[in-house]
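Undergrad: Could you put together the complete structure from these sequences and hints?
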Amino acid sequence: MDAFRKQFIKELNPHSKVKKVIAVMSGKGGVGKSFVTTSLAVAMQRAGYRCAILDADITGPSIPASFGLNNQTYKTDKGIHPTRTKTGIQVMSLNLLVENPSDPVLWRGSLIADMVTQFWTDVYWEDVDYMFIDMPPGTGDVPLTIFQSLPVDGIVVVTSPQDLVTMIVEKAVKMAENMDIPILGIVENMSYFICPDCHKKHYIFGQSHLEEICKQYHIEHHLSLPLDSKNTQYIDKGKAELMSINMDEILSSILQID
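Per the working numbering, the sequence shown starts with residue 1, numbered consecutively.
There could be a bad hint or two in this list.
Derived pair list, reagent style DSS-like, types lysine-lysine, alpha-carbon separation capped at 25 angstroms [what the hints assert, rightly or not]: (1) Lys75 - Lys86; (2) Lys20 - Lys78; (3) Lys19 - Lys75; (4) Lys20 - Lys86; (5) Lys75 - Lys17; (6) Lys174 - Lys28; (7) Lys10 - Lys86.
Now the in silico label distances, taken between C-beta atoms and shown as ranges [stated by the list, open to error]: (8) His199 - Thr121: 46 to 52 angstroms; (9) Asn178 - Asn100: 37 to 43 angstroms; (10) Ser110 - Asp236: 32 to 38 angstroms; (11) His199 - His15: 49 to 55 angstroms.
Since the hints were derived computationally from the structure, they do not count as laboratory data. None of the values given here were measured: they were computed from a predicted structure. Built from N, CA and C at the ideal position, the CB exists for glycine as well.
TA: Below, the structure is given as structure tokens:
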């Protein structure tokens, strides 16, 4: 991290310890960014690393529901303690702090950005090897504030096969370049569907443009994830840690961070 970026970084809670911070972002909503964030954390925790998820998607927080979590945070002199999943992943989300998770968050961007920053400065993150930030969609004020205020070590970009999304993901890639944060890989979610009868791949949302984008921006690591109803059911039932998804291509890139 260069000296210019360092001067804007907020200090971590003095009781916390976080080694690496990975932002998972998308140029638009609806591409499965939270699903990919969850999958990466589950896979990395399963590999023996201590993981955490900071849910920065304040207006659409879905991470707690994926793990079957509810209001289980508490505060001590060390700060706010995040909720832990069954396998020990630490999770902090606005939905864990409000009385009714279905109530809308009617906040302006500056308030949302302040809340995300407080998740970094006020929460007690205990011995975290890899923190995954579930970013709000888009490339606006809040993502910009996060990249300026938190020591993000790398970015995973999530996309889907549609042509329009290709244009939008390029904006996300360019934003990362402008912030001088390395892109660790691109995940194309809902890339194809494997028919259970004929076992052929069907490209429901059109052919992939993933390799073209990666070649254009010199991104080495990329991954295509299929539509899988079984994993969707695990998420819907709050049992994300039962999912079985091969995220090795992206995990290997994350593990290479200095």
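Undergrad: State for each hint whether it applies.
TA: So, going through the hints one by one against the coordinates:
1. Lys75 - Lys86: Status holds; Cα separation ~20 angstroms.
2. Lys20 - Lys78: Within the cut-off at roughly 21 angstroms; holds.
3. Lys19 - Lys75: 23 angstroms, holds
4. Lys20 - Lys86: 22 angstroms, holds
5. Lys75 - Lys17: With Cα atoms ~17 angstroms apart, Lys75 and Lys17 stay inside 25 angstroms; holds.
6. Lys174 - Lys28: 14 angstroms, holds
7. Lys10 - Lys86: Status violated; Cα separation ~30 angstroms.
8. His199 - Thr121: 46 to 52 angstroms: Holds - the Cβ-Cβ distance for His199 and Thr121, about 50 angstroms, lies within 46 to 52 angstroms.
9. Asn178 - Asn100: 37 to 43 angstroms: Holds, at about 38 angstroms.
10. Ser110 - Asp236: 32 to 38 angstroms: 33 angstroms, holds
11. His199 - His15: 49 to 55 angstroms: 52 angstroms, holds
Hint 7 alone, counting from the list given before, is not met by this structure.
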